[in-house]
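What follows is each chain in one-letter form.
Protein chains: 4
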Amino acid sequence: MVVAQQMNKPEYVERTKNYLEYLIKNDWTLSGAVTDTKGDRSKTPAGQAHPDYYLHVVDRNKDGIVVKGCKMHITAAPCCNDIIVLPTRNMQENEADYAVSFATPSNAKGIKFICRPSRGERSPNEYPSSLPIRDLNEAMIVFDNVFVPWERVFMCGEWAYAILLAYTFATFHRFTAVCYHIPIVENLAGCAVAMAEMNGISNEEHVKDKLVNIASYVETIKALAQAATLSPVRYGEIAVPSPLITNMAKLHYARSYHEVIKMVQDISGGIISTLPTYRDWENPETRPYMEHYLGGNPKYTTEERLKMVAHTHRWVASAESAHQEMITVHAEGSMETQKMMIMVEAPFKDYRDLALLAAGVEIKD
Amino acid sequence: MVVAQQMNKPEYVERTKNYLEYLIKNDWTLSGAVTDTKGDRSKTPAGQAHPDYYLHVVDRNKDGIVVKGCKMHITAAPCCNDIIVLPTRNMQENEADYAVSFATPSNAKGIKFICRPSRGERSPNEYPSSLPIRDLNEAMIVFDNVFVPWERVFMCGEWAYAILLAYTFATFHRFTAVCYHIPIVENLAGCAVAMAEMNGISNEEHVKDKLVNIASYVETIKALAQAATLSPVRYGEIAVPSPLITNMAKLHYARSYHEVIKMVQDISGGIISTLPTYRDWENPETRPYMEHYLGGNPKYTTEERLKMVAHTHRWVASAESAHQEMITVHAEGSMETQKMMIMVEAPFKDYRDLALLAAGVEIKD
Amino acid sequence: MVVAQQMNKPEYVERTKNYLEYLIKNDWTLSGAVTDTKGDRSKTPAGQAHPDYYLHVVDRNKDGIVVKGCKMHITAAPCCNDIIVLPTRNMQENEADYAVSFATPSNAKGIKFICRPSRGERSPNEYPSSLPIRDLNEAMIVFDNVFVPWERVFMCGEWAYAILLAYTFATFHRFTAVCYHIPIVENLAGCAVAMAEMNGISNEEHVKDKLVNIASYVETIKALAQAATLSPVRYGEIAVPSPLITNMAKLHYARSYHEVIKMVQDISGGIISTLPTYRDWENPETRPYMEHYLGGNPKYTTEERLKMVAHTHRWVASAESAHQEMITVHAEGSMETQKMMIMVEAPFKDYRDLALLAAGVEIKD
Amino acid sequence: MVVAQQMNKPEYVERTKNYLEYLIKNDWTLSGAVTDTKGDRSKTPAGQAHPDYYLHVVDRNKDGIVVKGCKMHITAAPCCNDIIVLPTRNMQENEADYAVSFATPSNAKGIKFICRPSRGERSPNEYPSSLPIRDLNEAMIVFDNVFVPWERVFMCGEWAYAILLAYTFATFHRFTAVCYHIPIVENLAGCAVAMAEMNGISNEEHVKDKLVNIASYVETIKALAQAATLSPVRYGEIAVPSPLITNMAKLHYARSYHEVIKMVQDISGGIISTLPTYRDWENPETRPYMEHYLGGNPKYTTEERLKMVAHTHRWVASAESAHQEMITVHAEGSMETQKMMIMVEAPFKDYRDLALLAAGVEIKD
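Residue numbers (the working numbering), protein chains in the order written: chain D, 435 to 799; chain Y, 435 to 799; chain W, 435 to 799; chain S, 435 to 799.
Each hint should be verified, as a subset may be incorrect.
Remember, identical chains collapse to one label, so a pair may be satisfied in a single copy or spanning two.
Said to hold, decoys possible - Keeping only pairs whose Cα atoms sit at most 30 angstroms apart, straight-line, the calculated DSBU-like set for lysine-lysine is: (1) Lys546 - Lys656; (2) Lys443 - Lys496; (3) Lys644 - Lys656; (4) Lys496 - Lys543; (5) Lys783 - Lys656; (6) Lys459 - Lys733; (7) Lys798 - Lys644; (8) Lys443 - Lys783; (9) Lys783 - Lys451; (10) Lys642 - Lys798; (11) Lys783 - Lys459; (12) Lys783 - Lys642; (13) Lys477 - Lys656; (14) Lys773 - Lys477; (15) Lys798 - Lys451; (16) Lys773 - Lys644.
Calculated directly from the structure, the hints in this document are not laboratory data.
None of the values given here were measured: they were computed from a predicted structure.
Just chain D, with the same shape it has in the complex (with noise of 0.2 angstroms):
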């Protein structure tokens, strides 16, 4: 709606308020899908190998248009009722085919989901969760030939457009990136105290320290995040949590969060990783034999370890934790995009001109 009203195409407002209205009369989840498969990135989107690898405009009459092409890595898309599609980058006028954005039902004619399951391990080796263990599924999702009606098209051909769409969408996707990691982070530093202390290593200082610094990534997140919501910007008429400090606090929560896993590991020890397996400690015969050996502090039982060793390895040391360091690299977008934002949107020019004065040089723009 923000980009709708720059374009100043009163239609496009006002499908978008129609769209709104009726996704909050229906109380309908959507999936947001960006990202094109981009075959290869050193060229545009015209000067592809063929002209599918970003969504494109096959056709269009008096009802609607038709569209072609994949996005990817959506995540929970089957799961939602609507899909509503953005374009990726921005686009030159020879791409005007590109600079596509509407909204269509999941179970639209033509659309194909190719999904895969969640990458956790679910065997009997491993040791039961206490809460039940949530996944979220990606998707790829093919448009093959997809009508979607004029109602539901909010741009098409405005290819000067597409890249104020993709940064509108990015600046409000990554804030919530950023809030939703913060209680991921708040387990991690949790895991990594209740290891220390069932370990019997609080009080080493490399302990210390790695703690203090685990804190201190979590609680810059969190200071991160509420002062982008204290120096919000205006779009229009809403007010956006500041995209400056929001690409800041998501940059900071991919740059270090590694070295975060990396202590957390450090301090829990290699138990995480060769920790018998849960049918050894079912086993009668080898029960007693861990339960004997694989205590820590005795004010913890040691079943009381084994299940926190579980659960810092679930988040650590697994194929999840794998998962979760790639989400935090390319997942609301990769290091680099925020670089480009934070390039865009920083007082560079204020500091310029700071430095001049105080140098006694003219500022001449």
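Chain D is already provided as a structure; the job is to place chains Y, W and S on it using the hints.
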């Protein structure tokens, strides 16, 4: 006053109130003298080669106390009307004489200042600054049996509260540290932006990457300072910026400062250090060569570029900038002291309980 | 044997020689069992909740000794003919029973292996590997009152030498660690180079910067391993790669590994994690879509790209890669143990004397 | 000579040989002048506001050539007998006049040195050094239509070889850079060890951690320098230390130098910057106070501690140390130039082929 209330001694509360009114009435400036000379850091105050490495009470009578010792690194001390003295660390029961806090006129009998001038370069070789150069001097203040009347004594023997006083002071002091460094780092960022522009390298990818990192550094300090004020804690009647976020901000500032200096040095080029002297610029025989050869981006004159080079030299490659690095590391407490306060203030128990809960382990304390 | 000589006990020297000949004659493989389960790390072996958290002698007679305890994280143990047991840390005088070293057949009476399978994903969802997948298993070895004849006992009660034995073992072990990781990190570098090429981003400045950092990481490990062999020290008759450089190499490897993983994940793209399963590739209904949409640089076929994606997934985003991170942090000693050895081995006195000399201060020790 | 052979011009080979014999016979010192003033770095030599930002040939006749331009940052130039000039970068076909290399006496007609004194502090405030203070000066060398006879011209118009000459020079130059910095960083390490001892903090865990990091830094430089010499490449008849390892060593040195400075500053304490002046030490009124209060570990006298403080000040907190930071960043090429050479020299193809092989993908080039 905050600590006086906690010690539950009405006379201390009364005296601090009176002293505050006195300061306000006279509009006096104070220097805060905390850091002792400390001798051998592996020894406690009472275990040193002589008893004076930490300031202590050597006599007391019905009128007041007599103190002996020396406080170090006291910025701007000789320009202040009064000195307020605080203990620098925790004390043990046998160190009650070291648990002393008081105010005294700077010119009281027995006080000696051994000052050192600022470290700036002021020879005719240097390019003149467009702004007045103001520097801070540093003093070692010797208390050679100085008498302090009881109405100016705020702690005397309450050894168990010494650390609380030091800690409370640090919280306030560190917040000012974070704030007064903001324009300093904005100026550093400005030097980088201006030198990049004048050298014609603003569009180099590695330069943009460095500028983004510098901006993230600067804006994170600002966002954390803001977040600290928006999450205050209460010390009695006084709202204090969050000690946790304040210490994180100071640690962030101190930890990455040298890295930022390195990036500014890198962008600015070797000329920051090898620039011919101002005497050569004034010399009609050499100036034309400098004029001809030392230009950069033609948007600026050679003289403008050289002014910026000299200004940047001062901030990243001079005696002053080296001193600034030291201030960053040591003033308002070293990085280890910030880590100590983060260790105390961070919600480690909350993190742990979250992880225990998720792991299905009972919380026992 | 190195330590046996230093203990000045001819029988130990004799036994180690005999055992070495025996191993050579039979061409047997050994597993080295060092790490105890350790219980509460804030307690010494003698101060634990029960006496078995560190392996110890529970009986001795004219024929040999009986030992009890458990060794953890023993890679490949069940595939070895013999186990050689060493103490894991320094011991005090009251812990003489814990200062014990011996060899025993893996199938001796009282030895129990509790093994865990490797953590790789082997479901039909996974792309087949072009190379045989070989993984190491890890065992917890319980010594449930195991008898060891004197001719296989190499230390028994010489508590003061326990740390020397652990330390000497670590020196050898850590050098092998450095060497066997070289092809692993070369493969990681290769994944980054190949994925960059296949994605068409080899000429992006930030990608080149990451590739340079990855190459520096890899080649520094190689250069340090080489330098360690070229600066050997002598342990009795045996030339040992420089313990200083070996520990630096291991620390360099471990410290930056996660950062390298992050860079490979970044270059490779989100598809490493969200790639549809191999079953979808084999399914004639979905394969054409994958074929059409998941291509990259046309120099390679889609299938070749997906093979590389699957291979890279295995090394940077899978259960195996997460386990590899743990190995990096903990196997052959954690980073703190490497720092301890660098603290012992680095020429700090030489550095200090050079500085004292330059400062004009007399050298007193 | 290496490049002369590759250019396949016998006269250049002949001239370089003759010149080498001439230098040896006279035992002359040379300064190498490479870096041009460069003007606007976003422009090529031929695209600048005037043609002289890069040194170039302005005339040529049967006796020789006439050159104009200016070389910057030339250390020790006025103390050398001859100057040897090389191009600083790659050149295009239309920049053949800039592809010029020659030797000239330092006092040839038209050569002007604009020098700057070293940046050390030498006032009576400073503590005297126990060693003679030797510093390098830096010169800007103007070539104001300087004639060079043909027998001293080693390149003139062979634009395609300009980069090769710069590159070959850099390889040699960078290896000397790595080597001459070794005693500098050993001295830094020594300052940290000595100050830790004198302050009584050698056994603090965070200090030990910093000392280990400093030692790893120093010894990695040494090990890489050694490894570079042991893996030479051949440039024609000359064995050259491995350019890959040399550049890695230089990059390692430059990248972490500021971090090491920070650690030495941290360990040394604020007194490094706030130490009262030498005049106060010589003043009988103030010296007793300094003597009494500025002691540390009683193993050393106060005077010895202050000598060490003054020495450490010089190396980590002075105009000289700030200049040393600049040298680290810029001398013998900036970090970006080292990355460029690592990009060229690292075995990226080998890495890639290993990964392709492991992934089962055919190697196509």
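Against the structure, the hints come out as follows:
1. Lys546 - Lys656: Classified as neither; 39 angstroms inside a copy, 47 angstroms across copies.
2. Lys443 - Lys496: within (18 angstroms within a copy, 74 angstroms between copies)
3. Lys644 - Lys656: Cα proximity of Lys644 and Lys656: in one copy and across copies (19 angstroms, 25 angstroms).
4. Lys496 - Lys543: The answer is within: 19 angstroms in one copy meets 30 angstroms, while 83 angstroms across copies does not.
5. Lys783 - Lys656: Both: 28 angstroms inside a chain and 17 angstroms across chains, each within 30 angstroms.
6. Lys459 - Lys733: neither (54 angstroms within a copy, 50 angstroms between copies)
7. Lys798 - Lys644: between (48 angstroms within a copy, 24 angstroms between copies)
8. Lys443 - Lys783: The answer is neither: 33 angstroms in one copy and 52 angstroms across copies each exceed 30 angstroms.
9. Lys783 - Lys451: neither (37 angstroms within a copy, 46 angstroms between copies)
10. Lys642 - Lys798: Between. Shortest inter-copy distance 21 angstroms satisfies the 30 angstroms Cα cut-off; intra-copy 51 angstroms does not.
11. Lys783 - Lys459: The answer is neither: 46 angstroms in one copy and 43 angstroms across copies each exceed 30 angstroms.
12. Lys783 - Lys642: For Lys783 and Lys642, only the inter-copy Cα distance (14 angstroms) is at most 30 angstroms; the intra-copy one is 41 angstroms.
13. Lys477 - Lys656: neither (39 angstroms within a copy, 37 angstroms between copies)
14. Lys773 - Lys477: both (22 angstroms within a copy, 26 angstroms between copies)
15. Lys798 - Lys451: Result: close neither inside a copy nor across copies, 44 angstroms intra and 53 angstroms inter.
16. Lys773 - Lys644: both (27 angstroms within a copy, 10 angstroms between copies)
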